[in-house]
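As you go down the protein sequences, you meet chains A and B in turn. All the letters of the first sequence, read from the start, carry residue numbers 0 to 250 under numbering that gives the first Met the number 0. All the letters of the second sequence, read from the start, carry residue numbers 0 to 250 under numbering that gives the first Met the number 0.
Accuracy of the hints is not assured; some may be wrong.
Repeated chains share a single entry, so a pair holds when one copy, or any two copies, can fit it.
With a straight-line cut-off of 20 Å between C-alpha atoms, the simulated SDA-like cross-links for lysine to any residue are [said to hold, decoys possible]:
{"id": "1", "residue 1": "233", "residue 2": "222"}
{"id": "2", "residue 1": "233", "residue 2": "162"}
{"id": "3", "residue 1": "38", "residue 2": "80"}
{"id": "4", "residue 1": "233", "residue 2": "171"}
{"id": "5", "residue 1": "233", "residue 2": "166"}
{"id": "6", "residue 1": "165", "residue 2": "201"}
{"id": "7", "residue 1": "38", "residue 2": "247"}
{"id": "8", "residue 1": "111", "residue 2": "26"}
{"id": "9", "residue 1": "38", "residue 2": "246"}
{"id": "10", "residue 1": "165", "residue 2": "232"}
{"id": "11", "residue 1": "206", "residue 2": "126"}
{"id": "12", "residue 1": "38", "residue 2": "209"}
{"id": "13", "residue 1": "38", "residue 2": "248"}
{"id": "14", "residue 1": "38", "residue 2": "245"}
{"id": "15", "residue 1": "38", "residue 2": "126"}
{"id": "16", "residue 1": "206", "residue 2": "79"}
{"id": "17", "residue 1": "111", "residue 2": "244"}
{"id": "18", "residue 1": "206", "residue 2": "242"}
No wet-lab data here; the hints were simulated from the structure.
Each chain, written out:
There are 2 protein chains.
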Amino acid sequence: MTYCCGILVRDGLVMIADTRTNAGLDNISTFRKLQVFEKPGERAIALASAGNLSITQSVLGFLNEGLRNEETGEIETIMNAPTMFQAAQRVGRAIRMVRSLDGPGLDQDGIKFEASFLFGGQISQRRLRLFMIYAAGNCIECTVDTPYLQIGEHKYGKPILDRAIKYDTTLNDALKIGLVSMDSTMRSNLGVGMPIDIAVMPRGEAKVETNYRIEPGEPYFHDLRERWSAALRKAHMDIPPPPYSGSNVGK
Amino acid sequence: MTYCCGILVRDGLVMIADTRTNAGLDNISTFRKLQVFEKPGERAIALASAGNLSITQSVLGFLNEGLRNEETGEIETIMNAPTMFQAAQRVGRAIRMVRSLDGPGLDQDGIKFEASFLFGGQISQRRLRLFMIYAAGNCIECTVDTPYLQIGEHKYGKPILDRAIKYDTTLNDALKIGLVSMDSTMRSNLGVGMPIDIAVMPRGEAKVETNYRIEPGEPYFHDLRERWSAALRKAHMDIPPPPYSGSNVGK
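Bound conformation, chain A alone:
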């Protein structure tokens, strides 16, 4: 399992990913699922992945080594894509390439072709953007109406995002709320686990201000988990007791 979220607010972009992978419950490992592509000031891009690890790692391989454009002869990578939209298209193309190579063999073994990606960043002075890219290579883009996207085990961590994330949430608050969302997911699903990788990109700078791995036991995150648990336990206490008793149900 995996949980990743990307939050795109007025001030910038936050990407958060866990690192747990499992091939069955009895085979649990740690793999990085958040990749950063950066040439500070020129481009800053992060890619978070969920799904079959062999697929997502192969996609990453093609994005790093490049796929040849038959029309122009150019070897196309993330680092030489002219725009974020075209870079997202390249992720889609890499997914389709992996599907054409590995799909039939996976099919034969009854393994579904599962992969999804969050892909966000900024190239030169263009707009900071965030995309979600599906297993078919198609994508959607994050907008101001719902300023976040999620992949993987997204349900446990969605209520807090739905309620607390607005487009004008500060970048620091977006990171904090994203970590709460991650914590809610880890608390309820053992398939999502520490360490946590985060990337933070302020809008307009085309650089990754924060590229950080939060290890188990790290004091701030431990404190955040404790405080959030206490706040949740406490939050319902301020709500008056339910007034319902007896029956209003027709017999």
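Knowing the structure of chain A, use the given hints to seat chain B on it.
Just chain B now, with coordinates in the frame of chain A:
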């Protein structure tokens, strides 16, 4: 979609169910999914259902009209079951009966046999118990370690239960927290919706103290939703800002 939860604490049992059903996104209706079987002082039992409505309604039909026990000749219903365990076995038997009747036809139409139930209550001075019964007719019982069970769209509403429900939570708090869990689910999934049916049974009384339908716009539940949203938005404000910046990631 459906969301139901049952919370079994020291003081008693709370059962909560939504009422939305959908056959596709374009065919949404309201059906009661929480049924009460009661002879006050002698037995108080509630059954909440999720899954295919034709299956769950047929199960209910057999539980009301009874299935003949070939050994004893008795017509077995919920109302004449001698213990909660035997009553739960009867729910399982009714599920298997529906499967034997409707399963082959559903199979032919490619429709999965989906049904699950929460089944809780007390018979005379026996123990108040809560069971979850699966589509195969097998069941598990709720214990003090995890004093709640959920069926249907359970993930959105699980984080608050995981954190706030303990075996010594009061019955009124259990109801309140259950309503918060329901609210979180409705907020994130349109397939779960008002009105909400609730049943509350204090331990030891074998009666349903509260058998209530909460309609849309009902003032207390509206206030609970507003207060909970505000509390969630506020809860993260007391957490200090994340101290992460720069990079601790090896290049």
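Up to 20 Å between alpha-carbons, please classify residue 38 paired with residue 248: within, between, both or neither.
between (65 Å within a copy, 16 Å between copies)
For residue 233 vs residue 222, is the C-alpha pair at or below 20 Å within one copy, between two copies, both, or neither?
Cα proximity of residue 233 and residue 222: in one copy and across copies (16 Å, 17 Å).
Is the C-alpha distance from residue 38 to residue 246 at most 20 Å within one copy, between copies, in both cases, or in neither?
between (66 Å within a copy, 14 Å between copies)
Regarding residue 38 and residue 80, is the shortest C-alpha distance of 20 Å or less found within a copy, between copies, in both, or in neither?
within (12 Å within a copy, 72 Å between copies)
Give the relationship of residue 38 and residue 247 under a CA distance limit of 20 Å: within one copy only, between copies only, both, or neither.
between (65 Å within a copy, 17 Å between copies)
Residue 38 and residue 209: within-copy, between-copy, both or neither at 20 Å Cα:
The answer is within: 14 Å in one copy meets 20 Å, while 63 Å across copies does not.
At most 20 Å between alpha carbons: which applies to residue 38 and residue 245, within, between, both or neither?
between (67 Å within a copy, 15 Å between copies)
State whether the alpha carbon distance between residue 111 and residue 26 is at most 20 Å within one copy, between copies, both, or neither.
within (19 Å within a copy, 30 Å between copies)
Within, between, both or neither: residue 206, residue 79 at alpha-carbon 20 Å
Result: close within a single copy only, 16 Å intra versus 71 Å inter.
Same-copy or cross-copy closeness of residue 165 to residue 201 [CA-CA at most 20 Å]
within (16 Å within a copy, 42 Å between copies)
Intra/inter-copy verdict for residue 206 and residue 242 if alpha-carbon distance must be at most 20 Å:
between (54 Å within a copy, 18 Å between copies)
What label fits residue 206 with residue 126 when the C-alpha limit is 20 Å: within, between, both, or neither?
Answer is within; shortest intra-copy Cα gap is 13 Å, inter-copy 63 Å.
The structure does not agree with numbered hint 17 stated previously, though it agrees with all others.
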